[in-house]
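Peer 1: Protein sequences, first through last, are from chains A and B. Per my numbering, the very first residue in the first sequence carries number 1; after that it's consecutive. Per my numbering, the very first residue in the second sequence carries number 1001; after that it's consecutive.
Simulated from the structure, these hints should not be mistaken for laboratory data. Check before you lean on any hint, since a few could be wrong.
[Unchecked claim] Some chain B residues near chain A, calculated using beta-carbon distances under 10 Å:
(1) 1064
(2) 1074
(3) 1153
(4) 1154
(5) 1158
(6) 1281
[Said to hold, decoys possible] Computed footprint of chain A on chain B; a stretch qualifies when at least three of its residues, placed anywhere within it, have a C-beta under 8 Å from a C-beta of chain A:
(7) 1055-1063
(8) 1079-1090
(9) 1110-1118
(10) 1127-1135
(11) 1237-1250
The structure displayed is predicted, hence computed values, not measured ones. A virtual CB, placed ideally from N, CA and C, is assigned to each residue, including glycine.
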Amino acid sequence: MTSTLDTSTSTEPQEASPPPKRPRRSRRNLGSYLILGVLFVIVLFPVYYGLVGSLMGERDTNSFPPALWPVHGLHPENYGDALDIIPLGNQYLTSVLQTLGIMVGQLVTSVLAAYAFVFLPLRWRGFWFAVFLSTMMIPFESIIIPNYLLISTWGLKDTIAGLTLPFLATGFGTFLLRQSFLSFPTELRDAARVDGAGHFRFLFSILVPLSRPSLAALGIWSALSAWNMYFWPLLATEDPKHQTIQIGISQLQSSDGDSPGMVLAGVMLALFPTLLLVIFGQRFIVRGLTAGAVK
Amino acid sequence: MTVPTAVAGTARRKGAWAALVYLLPALVVFGVFIFWPLVKSMLLSVQGTDILGNPSGYVGFVNYGTLFTDPEFLTVLWVTFAFTILTVLPSIAIALFIALILHGRIRGVRFFRTAFALPFAFSVATASVIFGVLFNPASGVLNGILSHFGVGKVAWLTNPDLALWSVSGATVWMQIGYNLLVISAGLGALPDDVLEAARLDGASGFRLQRSIIMPLITPQLFFLVVVGTIHSLQSFGQIKILTVGGPEGRTTTLVYSIYEQAFANNNSNYGYASAQAMVLLLIVLIITALQFGVLERRVFYR
């Protein structure tokens, strides 16, 4: 830091000479574009092939070397085939319900907990804080066996409850919202109190509506991680009818390896919602990026 | 709020209980699905398991003893370590490289940033299935492209010397999007005055990146190393989908081994698997502790 401070004192005289730098920058840019282009092709290829491959017939995908674009026409019927082979409709519904359940659950429990941490006279605040923090340090994989045994003995395998219950609260979400609540202007809080608003009223008619960006960030993160879950749904479900779409497509692969087009069509169906979230919700995703810094 | 002091005391106490009520929903979930399972895991790890998967009584640290004398488990630890190294650093390096180029005021930054972040939308299952298709030895695109260069068909996922590299490659791809978002956010938050000062002082290109930008984003890079390591340690889906732990156990990581012992082929070896789960927990806790303690002091924080 000291070196940058030193240099900043000697800048004034040079301030009037930016134009000569132009050519150098553009030459550098050409190189940058080139490298960027190569990386672009490599990184985006799986995305491209997933999409294009989902529309290719077996004449294209099963020859060697396989075609890189649909030479022998488009085959949108791959999507219909994918839907037919596994109960994809059911699985889609299961995934939607699981995602909504986890998202709503996490929003509710996190809002309440964050509110208590910021606005209420909580006794042993430090202790409870540590409790919430510690939940973020325990990898779920290390406690997945007892969770499986629990859900099995409760007869909740193959149910939405079994898929969602373990994830209805989150330390990450609580801290994300706590951070946002902490910056809430105290004048507004006091004004609401003077007007006779109790905790519940203040929370739901003032704080929550004004914290929409943070709630959206948490909602998107919950939805993404719930929709994309793999290990837990693999254990918590057995009946193909009650499995989530993620499990469905992974079995599509093993059940019908000779039709990559159909397999990729299934992948695209599973990918569609999260792709939209990442393209249009990036602003909110970035908001939540480092809130889990303790994880 | 003008209450006589004696009453105020009870009111405050009542308030404290009310506050606990707000925490309760989350605490119940944590208690039932995190803390109790944690205790249960520890208990299971010191118990034997009968054929049906029921705990068969206290056996002390036998499971742990078995662990560290079992050559298979030592291989598991080695594979886990290798997988972590092969995934964490490359995925950060590639993302850093892309982020630095995108930071250099080029045209179409928004488009490129969104495009490069797309891998982030992929679940472990969707990405793994696509890579499974690409890796297919008989008709996969990867071997197809290589055939143009005269390379024979490569057994990406069944060659014991290659499988871990292939799975790691797919995993690196899955992590690039997230890493890129984190680094880009860090670069976007750099103080303009410092950058401008350095530029006016003649620093540009590589010099600017190495001496000014890199030190300023060490917090983000450090964060990614820690989160990435923990994330890699927890990897499961790509191994289950691409290699099922094989060939010859060469891609069986710690988490996959837990799955294999406890759930695959109705093994139900919960005791032994739980001991492995406790090893996983311990490793993650140590890394977290390192994050809070030793390493954090060396990172450049503004």
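Peer 1: Could you run down the list of hints and mark each one as holding or not?
Peer 2: Hints and how they fare:
no. : hint      : result
1   : 1064      : violated, 15 Å
2   : 1074      : violated, 19 Å
3   : 1153      : holds, 8 Å
4   : 1154      : violated, 13 Å
5   : 1158      : violated, 14 Å
6   : 1281      : holds, 4 Å
7   : 1055-1063 : violated (count 0)
8   : 1079-1090 : violated (count 0)
9   : 1110-1118 : holds (count 6)
10  : 1127-1135 : holds (count 8)
11  : 1237-1250 : holds (count 3)
When the structure is compared with the earlier hints, violations turn up for hints 1, 2, 4, 5, 7, 8 and for no others.
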